[in-house]
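Just so you know, the sequences run in chain order L and A. For the first sequence, my numbering assigns the number 184 to the initial residue and increments by one for each residue that follows. For the second sequence, my numbering assigns the number 439 to the initial residue and increments by one for each residue that follows.
In short, the hints are calculated from the structure, not lab data. The beta-carbon is built from N, C-alpha and C at its ideal position, and this holds for glycine as well. Just so you know, not all the hints are guaranteed correct.
Some, not all, of what chain A presents toward chain L, calculated at C-beta under 7 Å [claimed, not checked]:
#, residue
1, Ser-490
2, Val-494
3, Val-497
4, Ala-498
5, Tyr-500
6, Asp-502
7, Ile-510
8, Met-513
9, Leu-547
Using 25 Å as the maximum straight-line C-alpha spacing, the simulated DMTMM-like pairs for lysine to aspartate or glutamate come out as follows [stated by the list, open to error]:
#, chain 1, residue 1, chain 2, residue 2
10, L, Lys-328, L, Glu-249
11, L, Lys-496, A, Glu-608
12, L, Lys-195, L, Asp-185
13, A, Lys-574, L, Asp-366
14, L, Lys-195, A, Glu-608
15, L, Lys-328, L, Glu-214
16, L, Lys-195, L, Glu-284
17, L, Lys-455, L, Glu-284
18, L, Lys-455, L, Asp-366
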Amino acid sequence: MDPALLVEWLVKSGVIIFLILTGFAYLTLFERRVLARIQVRIGPNRAGPLGLLQPLADGIKLLFKEEVIPDKADKVIFILAPVLTVIPAFVLLAVIPLGPEISILGRSYSLSLAGDVNVGVLYLLAVASISVYGIVLAGWSSNNKYALLGGLRSAAQMISYELVLGLAFIGPILLANSMSLKDIIQAQSRVWFIVLQPIGFLLFLVASIAEVNRAPFDMPEAEQELTAGYHVEYSGMKFALFFMAEYGKMIVVSFITASLFLGGYLGPFVDKLPLLGPIYLLVKVTLILFFMIWVRATWPRIRYDRLMALGWKVLLPIGLLNIIITAILVILVGGY
Amino acid sequence: MTVLQIIFLGISVIIVIGALMTVSSPNLVHAALWLILALAGVAAIFVLLEASFLAVVQVAVYIDAISILIVIAVMLTRRAMGETERQINRSWLLAAFAAFMVFSGILSLFSQVPQLANTPSDLVESSEFYIQELGKALVNVDQSIIPFEVASVLLLAAMIGAIFIARPPERAGGDS
């Protein structure tokens, strides 16, 4: 194997892990500051300038906390569960192109780890749902009825909304005539798919918020009734891993939304200055993240039965209808 | 041995261990997890063969959909924790013998197929082509549309049956 290729992969993996980890740390700060602004508070501003060292302080605090494993818990699975939840968040970003191809010193590099995977969209869907296991097993192995209820709720919710998510994926696939994320982004060079697929975009947004268990779909960890749900019994770094998974998946889902519907790295002057691509992508991702925090700050939680009814009786039929209409239009008018 | 063969052997060992633990683990949830390990190993072998579509479908269908249903069903129907049962009854030797016979039968059948002697390298260039051919074959009248439709009808019937069984009984005099 070409050693230069190996180095390239290592560097890219390092960049992706760094991106998710710092993104996770600063997303917590971003969320707390934005929530505070919306609720007319100030938010954390003491650790470092503007509170910028707050994530570091939180991390150190969590590292030094005592790790409690319940006596009657299934210990191996109890430790395995947070790991299973975190890993999908890290490997998902592998197929998402972060920018157009750039050439440095006569070699061209594609700005995604796995290059151009022809089943990229399917990969996203398959890997994303592995983290259901982490949550279900965390709930089960804690040997706590609140945790078990939270885990089961979460599994039912994620399976239901995964269907909607999958249906929402199909719109851009049909329009771009490809399952590779690179082709989907390239197909949006004239007009973004949010314009051609407004219903698909809304479905995707709702389903992705439900998929990462964020408010208003945060039933699995409803503080008031389940005392935090599946991670009641977790403490210290293992607790932090669950949060890392949640925020990591928020970031990844924002990357996917930006790539599928908002043109990904495309923007003015990208073909002349390829390095602008990642910057455009990051701006779009930040806007989507802000939207998710905004939703959390302003919407009350949906009751569980209504959540399931919304998923199965409203979103699923709309998704199917959207696919049929899109398919007919693609045949009549022609896709890209 | 090439690196590829070593990786293949490693994955195979993991699959076999996972399968053995699935049938011998006393705890049902643990058994389900070992099953998932075995299925993930199969997905890894698909990746090794550069059959990316099959690998992704293996993960999406077997690991995500089917196994999660098994896990949830176990959690909902049994006492949640500490339920351990013996997984082996008197006829395990007979069952092992039957499994061995089936395995050797399949092995001897496969060893007669001449194409299997080749290395799988010709899958690499044309994997995109295969997906398109597969998609077209599923809706082609001359090829496999009839089995495809029969399978859909079967699944639909199973789904309606499941809904009918799971439907709550009508309340007497109630408006629901």
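Hints and how they fare:
| no. | hint | in the structure |
| --- | --- | --- |
| 1 | Ser-490 | holds (5 Å) |
| 2 | Val-494 | holds (4 Å) |
| 3 | Val-497 | holds (4 Å) |
| 4 | Ala-498 | holds (4 Å) |
| 5 | Tyr-500 | violated (10 Å) |
| 6 | Asp-502 | holds (4 Å) |
| 7 | Ile-510 | holds (6 Å) |
| 8 | Met-513 | holds (6 Å) |
| 9 | Leu-547 | violated (30 Å) |
| 10 | L/Lys-328 <-> L/Glu-249 | holds (23 Å) |
| 11 | L/Lys-496 <-> A/Glu-608 | holds (21 Å) |
| 12 | L/Lys-195 <-> L/Asp-185 | holds (16 Å) |
| 13 | A/Lys-574 <-> L/Asp-366 | holds (21 Å) |
| 14 | L/Lys-195 <-> A/Glu-608 | violated (59 Å) |
| 15 | L/Lys-328 <-> L/Glu-214 | violated (30 Å) |
| 16 | L/Lys-195 <-> L/Glu-284 | holds (14 Å) |
| 17 | L/Lys-455 <-> L/Glu-284 | holds (12 Å) |
| 18 | L/Lys-455 <-> L/Asp-366 | holds (19 Å) |
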